[in-house]
Amino acid sequence: MTQETKQLNIWYQSARTTAVVGAVFAGLFTVLLVVNLFGSAVLGPSRETRLAAMQHQAQKDPTNETLLSEVRRLDLKIRQDRLWRLDFAERTAFALLGSVIVLLIAGKIAYDLGKEPPRPQHGTTDRGEMQVREGRQARWAVAGGLAVLAVGMTLLGMMGHVRFAQAQDAEPPFASMQDKQGQWPRFRGPGGAGVSAYANIATSWNGKTGEGILWKTAVPMPGRNSPVVWKDRVFLVGADPNARKVYCFDARSGRLQWTGDVPTVPVEEPLELMEDTGYAACTAATDGRRIYAIFPTGDVAAFDFNGRRLWHKNLGMPDSAYGYAASLETYEKLVIIQYDQGDGSEGKSKVIALDGTNGRVAWETKRDLPNSWSSPVVVEVEGKPQLITVADPNVVAYNPADGKEIWRAECLGGDVAPSPIYAGGLILAIEPYAQLVGIKPTGQGDVSKTHVVWKMEEGGPDICSPVSDGTYVYLLESADLLICCRIEDGHKLYEQKIKGDFRASPSIVGDKLYILDMKGVMRIAQVGPEYKELGKCELGEECFASPAFADGRMYIRGVEHLYCIGKAQ
Amino acid sequence: MADKQENVTRRKFLRDGLWGGCLAGAGAVAGLSVARNNRDNLVWQIDPYKCIACGNCATYCVLEDSAVKCVQAYAMCGYCDLCTGYLVPEPKALDTAAENALCPTGAIKRTYIEDPYYEYTIDEALCNGCAKCVKGCMVFGNGSLYLQVRHDRCKNCNECAIAAACPSQAFKRVPADQPYLLKGMDRKE
Amino acid sequence: MNPFVHIAAFLTVLLAAGAETQGEIRFPPPEFETGYQFPETTTPAPQAVWREYLDAGVLVFALLLASHLVFVRRSRRAAFVLMIAALLYFGFVRDGCICPIGAIQNVTLTVFDSSYAIPIAAAVFFVVPLVFTLFCGRVFCGAVCPLGAIQDAVLIHPVTVPRWLESGLRLLAYAYLGAAVLFAATGSAFIICRYDPFVGFFRMGGNWNILLVGVCLLLIGLFIGRPYCRFLCPYGVILRNLSRLSKRRVTITPSECIQCRLCENACPFGAIREPTGDWPEGEYKIAKRRLALFLVLLPILPAGGAWGGYASRGQLARVNPRVRTAERVYLEETGQVEGTTDVSDAFRATGQTTQVLYADATEIRDRFGVGGALLGGFVGLIAGGKLVVLSVRRRRTEYEADPASCLACARCYRACPKEHERIKKNKEAAARHR
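Protein chains in written order, with my numbering: chain R, 1 to 569; chain L, 570 to 758; chain Z, 759 to 1192.
None of these hints come from the bench; they were simulated from the model.
These figures come from a predicted structure and were not determined experimentally.
Among the hints, a few may not be true.
Unchecked claim - Taking CB as the label site, the calculated pair distances span: (1) L:586 - Z:1111: 49 to 55 Å; (2) R:83 - L:690: 42 to 48 Å; (3) R:243 - L:690: 30 to 36 Å; (4) Z:815 - R:151: 55 to 61 Å.
To be verified - Covered by chain R, per the in silico footprint, the following chain L stretches (three or more residues, Cβ under 8 Å): (5) 658-668; (6) 672-681.
Each residue gets a CB set at the ideal place from its N, CA and C atoms; glycine is no exception.
I would like the entire structure built from these sequences, with the hints used as guidance.
Written out as structure tokens, the structure is:
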């Protein structure tokens, strides 16, 4: 071996060794990077889940000091680990780069030194034949490549895609006023009238024996709100100081289909409310596509009929003396909230309309009125919709589409809780303990002197809303008294003593009056100028909520159960 | 022979024509680009009014330490004692203890100013862009904490990986001389 | 004290009409008594615009230098040094972004979307290498492109890829180019950027899946020269076709070819074509018939491809985020799927009607119908054209570098004895001058 060959050999050997060393280091650094990646992708999240669980535990067990220090230790470890890993990854990446460069340089040198010099092959090769063969192979390869792409495209084509049905678009995003007439979409039904669209409602049942009761389901959380019915679904709202829920029951079987949760804003101290009002006083409302609920914490939420929460927001805690209790109303796709607060001087009260599909404010109208506990109603007057609200001292009507005031009448006082109704061409509003007022809703602006047709000043209920069949209007006091007046002129036709306490508002089914007392006893009377009791049915449970009516069925919420009363089909 | 010559010249003519066409094409592209150009560069930025604080910014950035960080709009901040962006929901106490803090990396610093106001600032070296504080502030507070792409860190990729993964398409290209979409008191939808 | 007032002191009511869930000022900013000043939100600036112009300048300079080194100096070593310098600057210093390959998409977007204004640097990066290729062949690939450079740098033991495999795999590059243009034109995605295997190394970070692909490509690249350049690069597709028309071509020999065959295995990228030989007797007739067949096939393949591309429009369109949103929302609305995702929640928060969403998605799908058909037709045309070209008889008398495949890396020069003669002559001339 010549000197040169020996030297070359040494270079070759050292280059090869260096290359191998470089490769080993590169491999080592790659492994380190992979381990680091594993650490941040797997260990990190698992530690975080553990921390979250421990924090949850610590909240339930506030005095456990060791747990608390464990939480802090783990939190610090996670943070430090994250920073360390970032640093480590960066340094190892540079080290890897360095070792790869060494590997490449040494490898190239080794290859160059160890390479055989180029040598043409001996013996003739038939170039022509070789080229023909190569050409044929290439053509088949191209055809093969094309075939592969074609198969790929065919597979893609076969996978199909979601087709958007045209019919979807034709359906409006809300139910029409007509559709609402046949359902029970809000507190006391369409227009808040408390009048059932169906006359085929049971007139006798017994909650204790189960006679006449189609089903009875326990409601997980309490609330004084009334059932809302839309086709084959019944909705209720329940809440306590820490949670707010919306329930959907199947109308046929009574099974609880889904429970919707409504989150709230964190507060320093949990809300304390009057027991009479409770945490779920407001009845839900539906526009035929979504169900809306509001709570005395100021939280509003919307769910679709499958239980998916679409949006929720917090309007700020309402400043309401007895706890916020106004139920919701809907108009087209808007959900309307009567947000009366304070004493009227601070300008806090307003009527808010939210877009039901996304919760955005569609319009908001301030009003200089104090807190109230009545619910707004949307009625159709001479073909045009009006949103009627009652408070002290004004009854105010707005255009529900844009919130502009149509008319107002100064005629009330006190803590207004009964809601208004539209019957016999008049808006009927109540001042508790004082009067029933009949107002013609066809005016504009301040109609206090012009459109207040009559006042019946011999007292009025403080809680229950009135009910009317167009001729007679019935007022139910919270204890022991039923009053009947004539709509035409407000003349009181009779006063009937009925032993019992009443929170549920009375309802009219066909030509019968349904009155539900707090013990769960329903008295059925004849609608007319004289009181005639037709029957009495016992539910066997306390009731605060007003009943809801559907075709052949009535839904009553007791303090613990939801009852469906009717005849089996 | 003459035939072949003609063929060669015809082929050469075709080739030259094609060559000229390609050059003209390149010129056309250049011209169009000059006509519709942005002399300045375009950079990525988050529209804070579209952001839903989903947390993708922390994980989708090509950099290990995401270029998206939380920023504070001090003029919009309420300086609340009970900061829903700083504290966990239902905190045991309104302090800086680890069990009460929402931020997983401890990037929000809470400083007492005067009663009952506290200042909240973000330490960008620690922030990972997870948007937990943004969500808390957006839903229950004033929305003064929000995410922005920080251009001293961002590599300005031709296609931003976070932009591709953003569920609300909140990323947009903005001119490099106005690279931030800041929240202010007067900014409406 | 009344608990409500106490709590109300903490949570105040909404302000004026029009405030929404996001960014509502629920808690009015305080009036400080201690004279505290609101700090400003910091706004660190992005890189200065002159850096873009500097990059463009460096690109032009590098291309000029590369042309000189490959055609005048004919030095592999110098070209290699330039290539490493370009790798370091365009790759590691400038993070490999923006590159001419990605610029295809920017230019496409400029053509199809009038609201997009292309940065000047991106336009320069796209056009300048093309112009150089029309004059000097693929000098950009050989000595300037950072993606090519990183593959070239890891090539240690080149292994020859059989010709037929090369022809087949190259269809992938055409399909990639077509797809990239389609997705960029519809504003759906920049797939070249998304699936760039090497940019992760340059900027030291990225999606782990793509980094893994990059590592695999580099491991392959240890043995098979420049796999991305030859079989995947969409810009390479454009350059190879322009290079066929270039004014100057790379020649292995500086003077004439003496048929010594020493350069046969000198190109690691399979770009050297040997002189043609005579075909066996019957072959010519078969070849003529075959050519006729492929010419007939020439309109059919693009038609078939167009149909296939049109049929795939549903899946192709799903690359577009608007279409994905529409599909998800539709599935939720019709109850075919449980729950919601961030995407559908975010859509509902915008307040847009589903009508608008579905209409947008349908319009995008229609555009993909046209684009998909064009993509399929394009790939079909290329394949059909390649079949025709492969049936035509070539005539070569010398060992040549195929202008389309030659990456102008100057490796093959040293294999030629004539080159060694030239170098010796230059040395002697230089010695004589002293």
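Going back to the hint list, which numbers does this structure go against? Hints 2, 4 are the ones this structure does not satisfy, whereas the remaining hints hold.
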